[in-house]
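Protein chains in written order, with our numbering: chain W, 1 to 218; chain U, 1 to 199.
Worth double-checking, as some hints may not be accurate.
Unchecked claim - Simulated coverage check for chain U against chain W, where a stretch passes if three residues somewhere in it have a Cβ under 8 Å from a Cβ of chain W:
(1) 54 to 60
(2) 133 to 141
(3) 184 to 196
What the hints assert, rightly or not - Label pairs and their computed distance ranges (CB to CB):
(4) 102/W - 90/U: 35 to 41 Å
(5) 63/W - 109/U: 33 to 39 Å
(6) 84/W - 23/U: 29 to 35 Å
(7) 23/U - 210/W: 44 to 50 Å
(8) 19/U - 92/W: 31 to 37 Å
Derived from the structure by calculation, the hints contain no laboratory data.
Glycine included, C-beta positions come from ideal geometry on N, C-alpha and C.
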Amino acid sequence: MSALASAAGPGFPYAQCHTCRLVVAIPPVAAHDAHAALGCPRCGSDVHRRKPDSLSRTWAFLIAAILCYLPANLYPIMSVTSLGRTQADTILSGVVFLFSHGMWPLAFVVFVASVVVPVLKIVALVGLLASVQRRSRWDPRRRSLVYRVVEAIGRWSMVDVYVVTILAALVHMGKVAAVEAEAGAFFFGAVVVLTLFAAESFDPRLIWDVIEERDEQR
Amino acid sequence: MRWVGCQVCDGVVEEPEVPDGGSAVCGRCGALLFRRRRRTVEITFALMVAAAILFAVANAYPFLAFEMQGQVTHTTLGSGVQALWEQGSRAVAGLVLFTTILSPASEILLLLYVLAPLHFGAPAPGAVVAMRWVSRLKPWSMMEVFLIGILVAVVKLADMAEIVPGVALWAFAVLIPILAGAAAFLDTELVWRRLGEPA
């Protein structure tokens with residue numbers, strides 16, 4: 001790790017600190033290696049021009065998330081016992097329950113958070129990865145927006161995990177009434193965490209690298 | 001002359017002059033570059049003091065009580081985690097503990113530690129490391145998502161039994177907008193500058 005000077009500008013080789021966002025000038029030796037780790041002079045974090053192994057790490061997290069996605073939806077996330085009857089709830093049956101009880105706004109929020117968001121995140125990240133690997137030049141601005149949306153909405157999928165937690169804490173009266181977390185909750189939590197990691201390890205600047213190369217060739 | 005970079009597309013521009021309360025957006029990809037909040041240290045500190053008190057209340061008191069056939073159970077943030085742990089869902093318990101208690105609590109405490117001394121001019125020892133953790137923990141604090149979780153839980157139980165809101169629920173309801181406000185008022189670039197930019 002070497003010390004860096006701050007305040008480079010366009011035309012100079014530079015890198016941005018991921019943590020404090022300082023723009024730092026980088027020595028020519030490091031300029032050719034996009035993944036060389038350097039120390040930020042302001043906050044001390046590692047500075048890379050591009051996140052190391054971004055594509056393979058993002059793929060790894062995504063594939064793991066896709067593998068967890070099926071059990072997350074097929075297994076019940078909780079079992080609800082009421083007056084001796086036990087009933088298993090999956091993610092989808094939870095949404096159906098809210099709809100059938102006429103709680104439209106809440107049903108909509110849960111449907112978006114637990115069904116739409118995870119699928120959308122996985123599809124969007126696979127699309128972004130594929131576009132970078134195919135060196136696509138299609139609308140980089142729109143693809144950057146897709147990434148920003150994916151990054152912002154991911155956390156909302158945690159709603160269902162919290163619902164299970166609250167119900168399990170409130171309802172524990174043996175055979176009269178009890179709620180227990182089931183395997184689906186584990187897998188669903190895993191999908192949320194893995195997609196958060198996937199979004200975090202994807203480097204959106206890769207989208208722009210192809211465009212910049214073309215500009216330089218002109 | 002200062003340069004600001006876009007974290008999404010890596011474009012770098014000369015820092016634009018932005019009035020207090022305004023924000024700068026990347027001309028190339030449209031992502032937010034920074035928000036300028038000149039009194040960021042004082043305002044965020046005040047909000048964090050409020051957040052710390054509300055967070056303590058939210059943790060100390062039950063947020064819901066459940067009444068069925070004369071039996072009453074209460075739930076606090078911690079008892080939810082405990083219930084999951086005892087049922088053997090330890091990984092999920094850990095995830096909930098981290099995202100609703102550990103991460104928000106650390107974020108609030110670390111920000112207080114960083115901001116209070118900054119107001120008086122000198123950064124606290126280790127403030128740089130503390131601020132680094134603030135930005136690392138940020139995506140993992142999910143109190144606002146937890147609040148929606150409470151609403152859904154209430155609706156699900158409404159048929160089954162009587163649900164009584166507790167003190168902590170009101171603390172939550174005030175805490176969430178305060179945390180959102182603090183996030184909007186924190187000008188991280190100004191804080192980092194005051195924490196020690198070379199030259």
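Status of the hints after comparison with the structure:
1. Closer than 8 Å: that is the beta-carbon criterion, and the stretch 54 to 60 of chain U has 0 residues meeting it against chain W, so the requirement of 3 is violated.
2. Coverage of a stretch by a chain is defined here by at least three residues with a beta carbon nearer than 8 Å to that chain's beta carbons; for the stretch 133 to 141 of chain U and chain W the count is 3, and the condition holds.
3. Remark: the stretch 184 to 196 of chain U is confirmed as covered by chain W, as 5 of its residues place a Cβ nearer than 8 Å to a Cβ of that chain, reaching the required three.
4. Separation of residue 102/W from residue 90/U is about 36 Å and conforms to the stated range, judged on CB atoms against 35 to 41 Å.
5. Checked against the given bound of 33 to 39 Å, the beta carbons of residue 63/W and residue 109/U, roughly 37 Å apart, stay inside it.
6. Restraint check, residue 84/W to residue 23/U: a C-beta distance of roughly 58 Å breaks the suggested window 29 to 35 Å.
7. Between residue 23/U and residue 210/W the beta carbons are some 29 Å apart, a value that contradicts the proposed interval 44 to 50 Å.
8. Range check, residue 19/U to residue 92/W: about 49 Å between beta-carbon atoms, so the 31 to 37 Å window is missed.
Hints 1, 6, 7, 8 from the list above are not met by this structure, while the remaining hints are.
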